[in-house]
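Chemist: Here's the letter readout for the chains.
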Amino acid sequence: MNVLFADVPVRGLVVLAVFAAALILAPAVVDDYVLSILILCLYFSFIGQAWNIMMGFAGQLSLGHSLYIGLGAYTSAALFVHFQTIPWIGMLAGMVVAGAAGGIIGGLGFRFGIRGVYFALLTIAFAEFTRVAFDHFGWVGGSSGLFLPVEYRDDSDLLSLRGAPVMFYYVILAFTAGALVLARLILASKIGYYWLAIREDQEAAQALGINVFRYKMLAVVLSAVLTSMAGTFYAFYYNNLYPETIFSMHKSIEILLGVVVGGLGTLFGPILGAFLLTMLGELMTDLAEHIDLDGVKQLFLGLCLLVIIVFRPAGVWPWLARRLGLSGRRDA
Amino acid sequence: MLKVSSVTKYFRGLTAVRQVSFEVPTGAIVALIGPNGAGKTTTFNLINGMLRPEEGRIELDGRDITGLRPDQVCHAGVGRTFQIAKPLAGLSVLDNVVVGGLRITNKVAEARIAAAEILEVLDLAHKRDAAAGSLTLPERKRLEVARALATGPKLLLLDEVMAGLRPNETDALVETFRHLNRSLGLTILLIEHVMRAVMALSEHVVVLNHGVLISSGTPREVVRDPQVLECYLGEEAV
Chain A
1 MNVLFADVPV
11 RGLVVLAVFA
21 AALILAPAVV
31 DDYVLSILIL
41 CLYFSFIGQA
51 WNIMMGFAGQ
61 LSLGHSLYIG
71 LGAYTSAALF
81 VHFQTIPWIG
91 MLAGMVVAGA
101 AGGIIGGLGF
111 RFGIRGVYFA
121 LLTIAFAEFT
131 RVAFDHFGWV
141 GGSSGLFLPV
151 EYRDDSDLLS
161 LRGAPVMFYY
171 VILAFTAGAL
181 VLARLILASK
191 IGYYWLAIRE
201 DQEAAQALGI
211 NVFRYKMLAV
221 VLSAVLTSMA
231 GTFYAFYYNN
241 LYPETIFSMH
251 KSIEILLGVV
261 VGGLGTLFGP
271 ILGAFLLTML
281 GELMTDLAEH
291 IDLDGVKQLF
301 LGLCLLVIIV
311 FRPAGVWPWL
321 ARRLGLSGRR
331 DA
Chain B
1 MLKVSSVTKY
11 FRGLTAVRQV
21 SFEVPTGAIV
31 ALIGPNGAGK
41 TTTFNLINGM
51 LRPEEGRIEL
61 DGRDITGLRP
71 DQVCHAGVGR
81 TFQIAKPLAG
91 LSVLDNVVVG
101 GLRITNKVAE
111 ARIAAAEILE
121 VLDLAHKRDA
131 AAGSLTLPER
141 KRLEVARALA
151 TGPKLLLLDE
161 VMAGLRPNET
171 DALVETFRHL
181 NRSLGLTILL
191 IEHVMRAVMA
201 LSEHVVVLNH
211 GVLISSGTPR
221 EVVRDPQVLE
231 CYLGEEAV
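So the protein sequences, as listed, match chains A and B. The first sequence runs contiguously to residue 332 in this note's numbering. The second sequence runs contiguously to residue 238 in this note's numbering.
Each hint should be verified, as a subset may be incorrect.
Said to hold, decoys possible - So the derived list for chain B, only partly shown, Cβ under 10 Å to chain A, looks like this:
1) Met50
2) Arg80
3) Thr81
4) Phe82
5) Lys86
6) Ala89
7) Gly90
8) Val99
9) Arg103
10) Glu144
11) Thr151
If you're looking for bench data, these hints aren't it; they were derived computationally from the structure. The beta-carbon is built from N, C-alpha and C at its ideal position, and this holds for glycine as well.
Throw the hints in and build the complete structure from the sequences for me.
Modeler: As structure tokens, then:
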């Protein structure tokens, strides 16, 4: 417990407690529409946290994280459809598959000293050819998609992840909270220090006794494994999977935008960024309905992003945290 | 402690280091000097594993460390600083040293205590919470030393840590190294252009020119060697 809250000023703890309480109580007061948006916010918070481990902490850029969402989603969904495997077992299987994929990409990239943007290109390549492969993978429906039987019911069966939106809300809330705690604990440990050292200067890190290959692999695999959990959630929440959407480049970009806007390498940046962008997106959708012009949503969203990135290049969270005195020394 | 035997390194057509051999006895302070481009930093990179020699052998306490990776060489007991300082710019000064300290312990709390002590020794304690990227050049050099020391080395490789310092700062740092050498028994190999520091610190000097070892001996012998005078120190140095 000590490690979790060390260095966090009282004001930060109060805000965190209020925020957590608001999220826990939200389903009691909001309608289905707002709840669906909150689920989306938390979903992106969770994946953002996972992506941030790799890029924000260890400094390894992945532009193909949709790969791990897709693998997690397809593994658990296919096991459910074909063998009635419960989603939680399917999720574990998806984590293994995604972890292995992360291991292969990291192994190839880092063994041959592929760094920076070239490594990022490698991650895109893997996501893209996996998408093409799934288009022709008949067992999971190929390009016409994989569908989970939809049941409308009011009771919640947590074990088989079938139930009302409220259940999904609490599941993704638990995921997000868990990822935050995990990231915080790792950042305060030897592994966290080593990741930051690698991010800042790989040669210096190596001269300080850090096995750079091993620690980069750890970051990629952990990030992949966590991301795949969101994939399983996606599959059972939306009940339909298409290679075209789930493995898309667009999905990968969507993941990282929130983190960049919120604050790369920070603990609360991914959460803040996910909420900001999702809310902003919804706002623009409403706006677009009134203006009735094609592409107006994308245009406004793009403008907002531009403004944020120009004025807060390090992300909104570090600035907000400093302004309001919310964070301790280490987590800017 | 360190034995470098007939080490050769080519960069494409250029021979950066040719058949260089020297030894650093346990507990000694040895200086590596020579004009720019003589192969001094290349020699350091060969010792610490950033480069792999084409020929020759490097031993640490009788153990062959030729061709090991830098992190393995660090674990074998060699700490190094970089000529162009490589601060972990986004981290605090203390955290930079903590990263080094985590070589000997897995506990961050322990590494933090050790790091704070090392910062005292190198006169950086007042900067512990500053971002490493905000340090001045002399401070960056001292941070390099602090970080390398935190890894608990038997042998410390110092690459021009005195460059750009004022004479009184040089003297203070010389005193620090002497203290580390005497009280902790740390063996030091240093590359240095500041002859004031070389003369004050080292018992033995090795001179490189164009990748070849041209002279070695006590500081007094070396500064009288005509070859060294001609290629490096200049006639007026005596």
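Chemist: Give a verdict on every hint.
Modeler: Structure-based check of each hint:
Evaluation of the B/Met50 hint against chain A yields a held restraint, the C-beta minimum of about 7 Å falling below 10 Å. Contact between B/Arg80 and chain A, as hinted, is supported at the beta carbon level, the nearest pair being about 5 Å apart and thus within 10 Å. Taking 10 Å as the C-beta contact cut-off toward chain A, the hint placing B/Thr81 at the interface holds, the least distance being around 9 Å. For B/Phe82, the interface hint holds, since its Cβ comes within 10 Å of a Cβ in chain A; the closest pair sits about 7 Å apart.
About 4 Å separates the beta-carbon of B/Lys86 from the nearest beta-carbon of chain A, less than 10 Å, and the hint is met. The criterion of a C-beta within 10 Å of any C-beta in chain A is met by B/Ala89, whose closest approach is roughly 6 Å, and the hint holds. For B/Gly90, the interface hint holds, since its Cβ comes within 10 Å of a Cβ in chain A; the closest pair sits about 6 Å apart. A least Cβ separation of about 5 Å between B/Val99 and chain A falls short of the 10 Å threshold, and the interface hint therefore holds.
The closest approach between the C-beta of B/Arg103 and any C-beta of chain A is roughly 4 Å, which is under the 10 Å cut-off, so the hint is satisfied. The beta carbon of B/Glu144 comes within 9 Å of a beta carbon in chain A, closer than 10 Å, and the hint placing it at the interface holds. Because the closest C-beta pair between B/Thr151 and chain A is about 6 Å apart, less than 10 Å, the hint holds.
No hint from the list above goes unmet by this structure.
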